[in-house]
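Chains as they are written, first to last, in numbering that gives the first Met the number 0: chain A, 0 to 123; chain B, 0 to 123; chain C, 0 to 123; chain D, 0 to 123; chain E, 0 to 123; chain F, 0 to 123.
These aren't lab readings, by the way, just hints derived from the structure by calculation. Watch out, some of these pointers could steer you wrong.
Identical chains blur together in the list; that is why a pair holds if it fits in one copy or across any two.
[Said to hold, decoys possible] In silico SDA-like cross-links for lysine to any residue, where the CA-CA straight-line distance does not exceed 25 Å:
no.	residue 1	residue 2
1	K51	E117
2	K89	P32
3	K11	F119
4	K51	I24
5	K22	R4
6	K28	E50
7	K51	S2
8	K28	K51
9	K51	S120
10	K51	V118
11	K116	L54
12	K7	T48
13	K89	A35
14	K1	E122
15	K51	H80
16	K55	N84
17	K13	D29
18	K22	M0
19	K116	D3
20	K28	D53
21	K116	E10
Number of protein chains: 6
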Amino acid sequence: MKSDRFKKGWEKLKEVDGSAGEKVIESLKDIAPEFADLLIEFPFGDIYTREKLDLKSREIATIAALTVMGNASAQLKVHIHAGLNVGCTKEEIVEVIMQMAVYGGFPCALNGLFAAKEVFSNEN
Amino acid sequence: MKSDRFKKGWEKLKEVDGSAGEKVIESLKDIAPEFADLLIEFPFGDIYTREKLDLKSREIATIAALTVMGNASAQLKVHIHAGLNVGCTKEEIVEVIMQMAVYGGFPCALNGLFAAKEVFSNEN
Amino acid sequence: MKSDRFKKGWEKLKEVDGSAGEKVIESLKDIAPEFADLLIEFPFGDIYTREKLDLKSREIATIAALTVMGNASAQLKVHIHAGLNVGCTKEEIVEVIMQMAVYGGFPCALNGLFAAKEVFSNEN
Amino acid sequence: MKSDRFKKGWEKLKEVDGSAGEKVIESLKDIAPEFADLLIEFPFGDIYTREKLDLKSREIATIAALTVMGNASAQLKVHIHAGLNVGCTKEEIVEVIMQMAVYGGFPCALNGLFAAKEVFSNEN
Amino acid sequence: MKSDRFKKGWEKLKEVDGSAGEKVIESLKDIAPEFADLLIEFPFGDIYTREKLDLKSREIATIAALTVMGNASAQLKVHIHAGLNVGCTKEEIVEVIMQMAVYGGFPCALNGLFAAKEVFSNEN
Amino acid sequence: MKSDRFKKGWEKLKEVDGSAGEKVIESLKDIAPEFADLLIEFPFGDIYTREKLDLKSREIATIAALTVMGNASAQLKVHIHAGLNVGCTKEEIVEVIMQMAVYGGFPCALNGLFAAKEVFSNEN
Numbered sequence: 000m001k002s003d004r005f006k007k008g009w010e011k012l013k014e015v016d017g018s019a020g021e022k023v024i025e026s027l028k029d030i031a032p033e034f035a036d037l038l039i040e041f042p043f044g045d046i047y048t049r050e051k052l053d054l055k056s057r058e059i060a061t062i063a064a065l066t067v068m069g070n071a072s073a074q075l076k077v078h079i080h081a082g083l084n085v086g087c088t089k090e091e092i093v094e095v096i097m098q099m100a101v102y103g104g105f106p107c108a109l110n111g112l113f114a115a116k117e118v119f120s121n122e123n
Numbered sequence: 000m001k002s003d004r005f006k007k008g009w010e011k012l013k014e015v016d017g018s019a020g021e022k023v024i025e026s027l028k029d030i031a032p033e034f035a036d037l038l039i040e041f042p043f044g045d046i047y048t049r050e051k052l053d054l055k056s057r058e059i060a061t062i063a064a065l066t067v068m069g070n071a072s073a074q075l076k077v078h079i080h081a082g083l084n085v086g087c088t089k090e091e092i093v094e095v096i097m098q099m100a101v102y103g104g105f106p107c108a109l110n111g112l113f114a115a116k117e118v119f120s121n122e123n
Numbered sequence: 000m001k002s003d004r005f006k007k008g009w010e011k012l013k014e015v016d017g018s019a020g021e022k023v024i025e026s027l028k029d030i031a032p033e034f035a036d037l038l039i040e041f042p043f044g045d046i047y048t049r050e051k052l053d054l055k056s057r058e059i060a061t062i063a064a065l066t067v068m069g070n071a072s073a074q075l076k077v078h079i080h081a082g083l084n085v086g087c088t089k090e091e092i093v094e095v096i097m098q099m100a101v102y103g104g105f106p107c108a109l110n111g112l113f114a115a116k117e118v119f120s121n122e123n
Numbered sequence: 000m001k002s003d004r005f006k007k008g009w010e011k012l013k014e015v016d017g018s019a020g021e022k023v024i025e026s027l028k029d030i031a032p033e034f035a036d037l038l039i040e041f042p043f044g045d046i047y048t049r050e051k052l053d054l055k056s057r058e059i060a061t062i063a064a065l066t067v068m069g070n071a072s073a074q075l076k077v078h079i080h081a082g083l084n085v086g087c088t089k090e091e092i093v094e095v096i097m098q099m100a101v102y103g104g105f106p107c108a109l110n111g112l113f114a115a116k117e118v119f120s121n122e123n
Numbered sequence: 000m001k002s003d004r005f006k007k008g009w010e011k012l013k014e015v016d017g018s019a020g021e022k023v024i025e026s027l028k029d030i031a032p033e034f035a036d037l038l039i040e041f042p043f044g045d046i047y048t049r050e051k052l053d054l055k056s057r058e059i060a061t062i063a064a065l066t067v068m069g070n071a072s073a074q075l076k077v078h079i080h081a082g083l084n085v086g087c088t089k090e091e092i093v094e095v096i097m098q099m100a101v102y103g104g105f106p107c108a109l110n111g112l113f114a115a116k117e118v119f120s121n122e123n
Numbered sequence: 000m001k002s003d004r005f006k007k008g009w010e011k012l013k014e015v016d017g018s019a020g021e022k023v024i025e026s027l028k029d030i031a032p033e034f035a036d037l038l039i040e041f042p043f044g045d046i047y048t049r050e051k052l053d054l055k056s057r058e059i060a061t062i063a064a065l066t067v068m069g070n071a072s073a074q075l076k077v078h079i080h081a082g083l084n085v086g087c088t089k090e091e092i093v094e095v096i097m098q099m100a101v102y103g104g105f106p107c108a109l110n111g112l113f114a115a116k117e118v119f120s121n122e123n
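Based on the sequences and whatever the hints tell you, model everything.
Below is the structure:
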């Protein structure tokens, strides 16, 4: 039996990026299935459902953060895809990543742009 | 003689946060005055003036990035202040920082919230 | 009305470090009171209550992580204190931090040791 | 002629993970053979041989640190394997990595779990 | 029409590593061509052309920085190659990377050495 | 009885920055005196004494690394001071730190410049 937070989180994750949600749950099944629940419940059930910030701004924040961290390429691609899903244009996503050269340096921005290039090419 | 990029950057920085610009130029005067020029020219003259992303989204991205990096408290406070200047509500800024618990962990989000608390209290 | 997870988390946090819990809730009261709830619910209600790892090992893991991150000094001190509370000796905590010189470099280990020195001196 | 610290370190590394030690020495042979000596001498000869912390706790600390750093996937896998060697259960290792979602964020925990999944599948 | 800074930067980048410059411009062509301009203009036109520090010292600094950051392997390889171009010996580059074990930990130094090994083997 | 590596390391550290060495040993005396030995032995006895890279280049590398890491302000100041001791000019140190804006972002470079400003003002 899943919690209400899981159900709310799952709905939100589907709105953001349904296929990514299914993939992560699948990938955690045989190593840490309960972590999949926590991943739906806290980030998506508790945080992304909060109403004081729109989803587009949330994805801009996440793309910025994952770009400067520079060590979570798979998750950055998921959120670039999610950004497109919730209404960011490709140009806006590229701008966010370019801006990160100022805060995290040029290498992280370059690697972020290459991640975007890969996601965008899979969109077509 | 300042470059056109400096002039454009200076105008943009004033729009974002005029007093911060003056302070940083002042603080670099006797250690690296040319770095003050570069700081106006590249981040503000080249990046923030680009038109495909609005200033409010730019500040959301920067607040997110500086929160997860967690090692640039002074600059985070400048951009929380700048966020308010360009139209973010306090609630939106708090949401961005809270969301960073997901990507950079709870300590960086906590420290980001304490930075916001300090900036907000100076606003009143 | 607090959730069951909050109640479980609050009990666990009290077991780990009661006064730290009260302080953080107090400190978030006027900036992000709901983040205080999330901080009790997810880390303490969902994670630290899980039974497959003892609390002492959990604090060793957290002290190691916060030492190498090197940007969350206040939280590191809280967990050094918590480590003592759940049965780590001072010597064990010092060993964990020293070992981090191997993974995060000597500066983070030095700063971790200085944090431990401060916490230990407040114990007496 | 190897130093006593090298000999002590080599014995300790064999206890922790013999095959990893041989591989790293082999891999450094033609680029920096003296770094292989330092790697045996300092981390294993000087640190892991210290007696005030048991090897299982040492591996928990290392797995936590490498998970939050998120940029040393090969070394994380070596230490997940070493953790199993010195008496950690798979469940305990999974718990340590899950807990790192609190301190380093969900992406680093996810990537840590995928590393564990790979190591565990090679165990069978 | 390219700016004077672009022209100066392009000349400097050719001096440092001509083929890397062409590759990065090519790779950004269909995702963010203007970022390629910024990458030539700011790092190479504004910074590397400054005369108070020689190019060899600049590459030592960059190799050190990218080694400890540990999340920009492609860029580290470009700068190891550039280091050789501007007069660093292989031994000097290996020494810089080994030294980073002290500041960023052994895993980042190991990964830096493996990057150097790959670059050096392509030199022959 | 100190090891030969300690003696060699101590001589090297005195050459680099004698007063810093005494301070760190003093500061570790009551928390982890054996870590003071390791700090002299490995970084200074094993690494800085190696002959294939001159001390000036070693300090340039360290200043670059500590600037981009951005979480070890005290150690950065020690090495800015050490850089001056081993023959770097103030201008060269400022250039290294400015260059780090490219790799670690503008905030880390700004904070590095403020650290240099503090060290330089204590020189006079």
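Structure-based check of each hint:
no.: 1; hint: K51 - E117; result: between (32 Å within a copy, 21 Å between copies)
no.: 2; hint: K89 - P32; result: between (34 Å within a copy, 14 Å between copies)
no.: 3; hint: K11 - F119; result: within (23 Å within a copy, 30 Å between copies)
no.: 4; hint: K51 - I24; result: between (28 Å within a copy, 21 Å between copies)
no.: 5; hint: K22 - R4; result: within (19 Å within a copy, 27 Å between copies)
no.: 6; hint: K28 - E50; result: between (31 Å within a copy, 19 Å between copies)
no.: 7; hint: K51 - S2; result: both (23 Å within a copy, 21 Å between copies)
no.: 8; hint: K28 - K51; result: between (33 Å within a copy, 18 Å between copies)
no.: 9; hint: K51 - S120; result: between (33 Å within a copy, 20 Å between copies)
no.: 10; hint: K51 - V118; result: between (28 Å within a copy, 20 Å between copies)
no.: 11; hint: K116 - L54; result: both (22 Å within a copy, 24 Å between copies)
no.: 12; hint: K7 - T48; result: both (8 Å within a copy, 23 Å between copies)
no.: 13; hint: K89 - A35; result: between (29 Å within a copy, 17 Å between copies)
no.: 14; hint: K1 - E122; result: neither (32 Å within a copy, 32 Å between copies)
no.: 15; hint: K51 - H80; result: both (22 Å within a copy, 19 Å between copies)
no.: 16; hint: K55 - N84; result: both (9 Å within a copy, 20 Å between copies)
no.: 17; hint: K13 - D29; result: within (22 Å within a copy, 30 Å between copies)
no.: 18; hint: K22 - M0; result: within (20 Å within a copy, 35 Å between copies)
no.: 19; hint: K116 - D3; result: neither (37 Å within a copy, 29 Å between copies)
no.: 20; hint: K28 - D53; result: between (31 Å within a copy, 24 Å between copies)
no.: 21; hint: K116 - E10; result: neither (28 Å within a copy, 28 Å between copies)
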